[in-house]
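A.B. asks: For reference, the chains in residue letters:
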Amino acid sequence: MIEARELVKRFGELVAVDGLSFAVAAGEIFAFLGPNGAGKTTTIQMLTTLLQPTSGSSRVDGLDPVARPYDVRARFGIVFQDPSLDIELTAYENLELHGVLYHVPRRVRVDRIEILLKLFELWERRDAPVKQFSGGMKRRLEIARGLLHTPKILFLDEPTLGLDPQSRNQLWTQVKHLNDTEGVTVFLTTHYMDEAERVADRIAIIDHGRIVAQGSPQALKQQTGADSLEHAFLALTGATIRDERTNGAADQMRQMARMWSR
Amino acid sequence: MAPPTRCARWRACGVDDEVAVVYILWLREVKRYLRSRPQVIASLGQPLLYLVVLGFGLGPVFEQAGRGSYLQFVAPGVIGMGILFTSIFSGFGLLWDRQFGFLKETLVAPVPRLQIMVGRTLGGATITMIQGTIVLTVCHVAL
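Quick mapping for you: the protein sequence lines, in order, are chains H and F.
If you read the first sequence in my numbering, its first letter stands for residue 1, the second for the next number, and so on.
If you read the second sequence in my numbering, its first letter stands for residue 1, the second for the next number, and so on.
Worth double-checking, as some hints may not be accurate.
[Said to hold, decoys possible] With a straight-line Cα cutoff of 35 Å, these simulated DSBU-like cross-link-like pairs (lysine-lysine) come out:
#1 H/K118 / F/K31
#2 H/K118 / H/K152
#3 F/K31 / H/K138
#4 F/K31 / H/K152
#5 H/K176 / H/K138
#6 F/K31 / H/K131
Hints are computed from structural coordinates only; laboratory data are not their basis.
None of the values given here were measured: they were computed from a predicted structure.
Start from the sequences and build out the full structure, keeping to the hints where you can.
C.D. replies: Below is the structure:
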């Protein structure tokens, strides 16, 4: 469903992603773990047509994101690391806007919005502006939105960041449920090892833009002889603290320019 | 291999889909405008200030020095400035979207950037027209 071959992304001197190769099967929940600045978000941005790889290639549902960005975009849903809802609009309006942007026919859209809002327990609050929502509700709405156009793949970039344990638990239960019922392939990144262990079929640990290990949670624990995934993770990536490289304003402008020129 | 059309998941992509995209983005701009009372009031404040303070303050001086009504003289300029101000403000909306992340949602959508731009621009133009009409009405009443 997702395939990457020797993906490389350089930002000037910095090599953010350094020859990544992996494959995600259809219907699988695949977790991408790594310290800050390991290249997780950059990889997602390349797979989701927001960034062009420096070299290497990838396939999303058999299509090349570089050659056919529109076809690829119609096939995945994404929840970004940072919130991306219009907080002035209501929950319903946010979903409706998404549905129109993705050319979901009106009849399908109305039904689908109702199903998803009910599933994520937001139906009662559908006409409330999103700015009144709690962090957990916003996250759930974003996931509902990402699934509105029945994508084959759902990208979740640290979806549980800043949520309380109840919201996290509920969120993963719902994601797992959708994976079971709709067969949507999930590609996620997180910093919480217990979550990855709980939901992921397969895990890849990446550091410095390279995959250091991949396999099922059990396999990773066995491989390192650690008793928990957290220890396995630390054994593989070391215990030193990483500082994410903050992009200067000029870098950000250049990145925006690239995004707009696509 | 999947078919090459953009909306192949549902049916072939037609002109009505493109119009719908432009329309929904237009609608969003207009809704946001109508819901933010502070913006409506604040953007009316400036032209009103010019009309009231300059109109009634400098008006008598102008009328003594030359001929005709000072309000009639400044009103077109005030309306023009109001329109310019609102246009700039709706352009800033793009920066807000970037800051609050909504921009990304439109950037990963399977629609050409041109449609996004047209929708937003039409929305901004509509808001500006509403705003201009309000100021025009106020001027008309004041005259």
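A.B. asks: If any of the earlier hints don't hold here, list their numbers in rising order.
C.D. replies: Failing hints: none at all.
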